[in-house]
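> Going by my numbering, the first residue of the sequence shown is number -18, and it counts up by one from there.
These aren't lab readings, by the way, just hints derived from the structure by calculation.
All figures in this text were calculated on a predicted structure; none of them were measured in a lab.
Glycine residues also receive a C-beta, built at the ideal position from the N, C-alpha and C atoms.
Certain hints may be false.
As the list claims (entries may be wrong) - With a straight-line Cα cutoff of 27 Å, these simulated DSSO-like cross-link-like pairs (lysine-lysine) come out:
| id | residue 1 | residue 2 |
| --- | --- | --- |
| 1 | Lys193 | Lys212 |
| 2 | Lys193 | Lys163 |
| 3 | Lys212 | Lys289 |
| 4 | Lys163 | Lys212 |
| 5 | Lys300 | Lys118 |
Unchecked claim - Pairwise CB distance ranges, derived in the manner of DEER restraints:
| id | residue 1 | residue 2 | range |
| --- | --- | --- | --- |
| 6 | Val379 | Ile264 | 29 to 35 Å |
| 7 | Arg259 | Trp543 | 45 to 51 Å |
| 8 | His136 | Gly53 | 31 to 37 Å |
| 9 | Glu83 | Asp527 | 39 to 45 Å |
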Amino acid sequence: MTETEDKGFQQVGARVRTSPLVSVIIPTHQRPQALARVLEGLRCQTFPASDLEVVVVLDGPCRETQALLESGAFPFALRWFVEPARGAPAARNLGVAQARGEVLLFLDDDIIPVPELIDLHLRARDREGVVVFGGFKPAPNSPERFVQETVDWSHVHYERCSAPGYNPTHSDLPDGNMSATKGDLIRAGLWDETFSGVGGDDDRELALRLLKHGIALKFDKQAIGYHYYAKSWSDLLYDQRHIGCAHQYYMTLHPRLVREYELLRALAGTWWGRAAFRAIECIPEVFFQASMGSVRRWGKGLNPKFGKAILRFLVRRSKTLFYIRGLTDTPRTADLLFRQSRIRVPILGYHHVVRDATGDPELMMDLAHFERQMRTLVFLGFKTVSLRDLCGWLDGRVTLPPKPVVLTFDDGYEGFLPIVAPVLERYNLTATIFLIAGKVGREIQWNGQPPLRIMSADEAAKLARMGFDIQSHGLTHLDSRQIDAATLRSELLESKRLIEQVTGKPVRFFAYPHGRWSREVRDAVEQAGFAAACTSRRGRNGFNQDRHLLNRSFILRDCEPWRLVRELYR
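Construct all of the structure, not just a fragment, from the sequences and the given hints.
The following block contains the structure:
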């Protein structure tokens, strides 16, 4: 036995090969029976044992596990290491450092591989720079089958990832059944060991960095691992609290990704969800400890002959309760969650403001009405923010004032500079102008109304220098749903190019002509490089809002102050 103090671990046994093709890395924590099943599954692999090594990392010493590894006669090279209990991320990193194979396959110690698993992973690696992962199925002989089936997520994961044309995202990657090259993992920075002890999400965070470094994720639906579930109901509750802590920590690292968690969206997006969150936060700790003790005494080995529906309800609700408690263990996540969820951002839409409006009330507003509305905004304490600020808030990077509002003006009429701009400057307000790029300096006519002139390039450039945001309303204001994909792309990209040429500033936002959109149009706008887009759908925007389908309320000429207030709080 040799001891390596500077590494913080011990190598306590070895069967060494010179150059294996595949290294299987298994982190384990005091579960010798589970590990024995995994090793037996590796013994039955169709992959040649002469090209395989298995690296087992004990996260904390365990005599039974060490005895298993020392006594087993395995056909493959086997090495094992013991390190202080620092969590699965640190154990996997140690496994990477010690592995000698070209390809590294990671298995959890309760995942029994199918006989073809290694071959399937290798076959799926059809190019460099790819991480392959497989799915999971419940093991038929799991001792806690009832609990497993009640909370199982693997079938949803499998169906999603195996759907035709689906591109896996970072939230799909499970590090309990994945393979990668050593170089790719080192390039991405390995697992973040600060996740140790918080209960997960280290694989999700690693996947973010893998994708950032251009390493693709690939799902193989045949590369199955059977999950041998031996956790009791009380173990499940303990894990759920730690998972809540993990989600909390993950959100402090990546606040813009808070919307990934469906339960968090439900909690933060409704008044009753926020009330439930705060109520659970106030429950004394003794209640949770007493609940754990009660469940531990009578909840092991659940296999009810009757009342399955009631027990499933109890298991799921208690799981949610402990998960939320994990979220509230420190206040940072609650503050983030509720700071995001409380704010609703209205976007107000205008068209043409003139000194004396006599035309279409949906299109034109007289100056007196408009100035009265701006005074109302200021009196109520609203402050204008840009669409850039709104997107930064959705990403978790920008803090908005308590009462934010976005002002937008469609089409870009020539009266904006002499009429609207002085009013906005007088009240210290700002706005976004969605300009019809192909009509700059020209007249445009709507529904038989008298023609109106769009501002000139010089006016647009001057407004941009004054701090107004000039963005795209298309090239010729065509209904985006009625044109083919090539024409739509030209409308988007050419309008973007022309406005950037006039203002010298990037164009990142779009307003759908006539407010009309479809799913295909929305995706085309995103693919064209626009960070957000406005519809004509009324309502405010919360932190769950799709930024390419932002709600926007258009204000008409007959909109009295009380009606404006209704739109601001709709």
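> In ascending order, which of the hints set out earlier in this document are inconsistent with the structure?
Numbers 1, 4 and 7 - these are the hints that the structure violates, sorted from lowest upward.
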